[in-house]
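**Student:** Chain order of the listed sequences is B and S.
For the first sequence, the tail end lands on 281 under my numbering, and the numbers increase by one without skipping.
For the second sequence, the tail end lands on 1325 under my numbering, and the numbers increase by one without skipping.
Honestly, the hints are just simulated from the structure, not real lab data.
All of these numbers come straight from a predicted model, not from anything done at the bench.
Every residue gets a Cβ at the ideal spot worked out from N, C-alpha and C, and that includes glycine.
Incorrect hints may have been included.
Ranges of calculated distance between the beta carbons of each label pair, as one might list FRET restraints [unchecked claim]:
#1 Gly1016(S) x Leu175(B): 49 to 59 Å
#2 Leu1316(S) x Leu72(B): 23 to 33 Å
#3 Asp1201(S) x Glu35(B): 33 to 43 Å
#4 Asn1165(S) x Gln171(B): 21 to 31 Å
#5 Ser1086(S) x Leu69(B): 54 to 64 Å
#6 Tyr151(B) x Leu1176(S): 46 to 56 Å
#7 Leu72(B) x Gly1016(S): 48 to 58 Å
#8 Leu1316(S) x Tyr151(B): 57 to 67 Å
Taking lysine to any residue and the SDA-like style, the derived pairs with C-alpha atoms no more than 25 Å apart in a straight line are [as the list claims (entries may be wrong)]:
#9 Lys156(B) x Ala1248(S)
#10 Lys258(B) x Ile1133(S)
#11 Lys258(B) x Arg80(B)
#12 Lys1081(S) x Asp1240(S)
#13 Lys258(B) x Leu1175(S)
#14 Lys258(B) x Trp1137(S)
#15 Lys258(B) x Gln1215(S)
#16 Lys156(B) x Lys1081(S)
#17 Lys258(B) x Lys1081(S)
#18 Lys258(B) x Gly77(B)
#19 Lys258(B) x Leu83(B)
#20 Lys156(B) x Gly84(B)
Take a look at the letters that make up each chain.
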Amino acid sequence: MTAEVLVQGLVSGLLMGFVYALIAAGLSLIFGLMEIVNFAHGEFLMGAMFATFWAWALLKLDPLVSLALFGLLVYHGLIRWILGAPMLAQIFATFGLAIFLRAAAQALWGADFRLVKGPLVDGRISLAGIFIGLPQLVASVGALCAFGLLYWFIRKTETGLALQATSQDRQAAMLMGIDTQRMFALGWAIGAGCVGAAGALLAMFFYIFPDVGATFALLAYVAVALGGFGNVPATLLAGVIVGIVEVLGGLLIAPALKYAVVFSLYLVVVLWRPQGLLGRF
Amino acid sequence: MPPVARWPVVRWTGAGTLLLLLLAFPLVFTQPHPRHVVITIFLFAMLAQAWNLLAGYCGQISLGHAVFFGAGAYTSTLLGKYFDLSPWIGMVVGAVVAVAVSQLIGYPVFRLRGHYFAIATIAVGEIVNTLMINWDWAGGARGLFVPIKRPDSLANLQFHQSKQNYYYIALGLLLLAFWITRKVEVSRMGYYLRAIREDQDAAASLGIPVAAYKQRAMALSAALTALGGSFYAQYILFIDPDSVFPTALSILICLVAVLGGIGTLWGPLIGAAILIPLGEWTRIYFGGTGKAIDLLIYGALIMLVSVIQPGGIMALAQRGRRRTG
């Protein structure tokens, strides 16, 4: 184990971490708004990756736009009806959605692994002995940009402030004249849009198949809980931690155990801070 | 005066008739497949009942119960394979192992609440799954075959000629789960658990040792789940991490309970009696196409139930009763 390998691992982890953060940001936003954990988040990601694949194959609509529309559809078709339901009903509604979407992808496109061949950016660059895959670099820079855009939107625009207000106190926001139902729908659109961007970026270098979302979703749940549920900026930190721990765990312990290391880290952190690193209780 | 359905005599005759019908079922249906479906219903009703003890009565939504199922399945199989122990002993040891594991898991995760707890249990389940896949002595990713014993005997818990004995053993396990849940329901512990579910802080302020009772509920739940796991291993005769440790299994266990209605004695059985045949039939009629149509219907149904009747089928029945009574 040389220092070079370690740095290489850190860099790869960091790059992946930004993508994880973007996936987790959508999840966290939705949770912060209406306290619903979207267990179909991984399937949204899978959908975005397939959309990118078909956009590549057939040159059609951008997945970011179609996913945001899809998020609206999910909100109005399913989530709106379970807002006041007990937590279990909410969990299972999104679980049902996850199973449904996964099966739909398999029914429509089959269970084969697909890959975007000859993407726009390809190859790798070498910086002082550290190799960086160009698609990975583009993906992480893209994810970081999308994250910045999201941050700007919820912190600086009036709509974003209304979103925050709704997330902090639903009743008070309503009294201030904020249409909370619209904010919820917007939250789903943005959340799905974030995961759509992440999916499009991931599709450049990752295999695409109906079950692809499961692992990413698990890592995103961990990132959200690690950062603190509902705290969108904290997911950036948490996503990067997850990415780096994943790579270092694989490097220092055993590649087969890398996810076990990530999940163990999560347990250790919530033991020490049950509300997550930067969460409010 | 309570409505007719509440009279003890009506209740006991109802339960007695159901038991007689279940006892007579394998005598009428001699084909393996209907027996297999009902055995699976019993198994999942039992697992859901075990989960119900912790989630339904105590309000702790665990999404990692496959850990205990797998602990039971692996303990009895490994003891049989390496030490030639009877699966009955293996079953008991498996339950003990599961209780030990549950206490180890419970100590940290019970400090978490709500979604943090649910996600922590998923994380634990994934950690255990990953470890089992990489543990070569326990078969690793290839899994384990339960050593075949001939001839069929109750002592070996293996029956290769007919499923009838498996049927009665599964029914026995289900009755055990029901009996324990009923005992808990009417005991002081049952009241404590429900108090914790309704408001943990209020329960603590009234002097209920919250952490200790959560651990007890978890221990009971884990032990029962492990018994189901050992039975599964002896019934299928092959186990691997993918079949006994996946998060999907944990989810299915909760789904059965949620569909029937959690926090009720009969919910898990009703949920299993609907969900298991439904899964079986959609698989038979739509499963062979490779198009996952069965899962499509399954997923749509789960969404529908969550939206229309979040309290499960028992809530529907109770609503009807309130209207008439």
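**Student:** Are the Cα positions of Lys258(B) and Trp1137(S) separated by 25 Å at most?
**Tutor:** The hint holds at about 20 Å.
**Student:** Starting from Lys258(B), check that the Cα of Gln1215(S) is at most 25 Å away, please.
**Tutor:** Judged against 25 Å, a Cα distance of about 29 Å means the pair is violated.
**Student:** Are the Cα atoms of Lys258(B) and Ile1133(S) separated by 25 Å or less?
**Tutor:** OK: Lys258(B) and Ile1133(S) at ~13 Å, within 25 Å.
**Student:** Would you mind confirming whether the straight-line C-alpha gap from Lys156(B) to Lys1081(S) stays at or under 25 Å?
**Tutor:** Violated: Lys156(B) and Lys1081(S) sit about 64 Å apart, past 25 Å.
**Student:** Run the distance test for Lys258(B) versus Arg80(B): straight-line Cα separation, threshold 25 Å.
**Tutor:** violated (37 Å)
**Student:** Regarding the pair Lys258(B) and Lys1081(S), is the alpha-carbon distance no greater than 25 Å?
**Tutor:** With a Cα-Cα distance of about 30 Å, the restraint between Lys258(B) and Lys1081(S) is violated, given a limit of 25 Å.
**Student:** Does the beta carbon distance between Asp1201(S) and Glu35(B) stay inside 33 to 43 Å, or does it fall outside?
**Tutor:** For Asp1201(S) and Glu35(B) the Cβ distance comes to about 18 Å; the hint is violated.
**Student:** Holds or violated: Lys156(B) and Gly84(B), Cα atoms, limit 25 Å.
**Tutor:** violated (30 Å)
**Student:** Honestly, do Asn1165(S) and Gln171(B) meet the 21 to 31 Å range at C-beta?
**Tutor:** violated (60 Å)
**Student:** Could you see if the CB distance from Leu1316(S) to Leu72(B) stays within 23 to 33 Å?
**Tutor:** holds (31 Å)
**Student:** Quick check: does the Cβ-Cβ distance between Ser1086(S) and Leu69(B) fall within 54 to 64 Å?
**Tutor:** Since the Cβ atoms of Ser1086(S) and Leu69(B) sit about 60 Å apart, the hinted range of 54 to 64 Å holds.
**Student:** Starting from Lys258(B), check that the Cα of Leu1175(S) is at most 25 Å away, please.
**Tutor:** Status violated; Cα separation ~42 Å.
Violation of the numbered hints given earlier is confined to hints 3, 4, 8, 9, 11, 13, 15, 16, 17, 18, 19 and 20; the remaining hints are satisfied by the structure.
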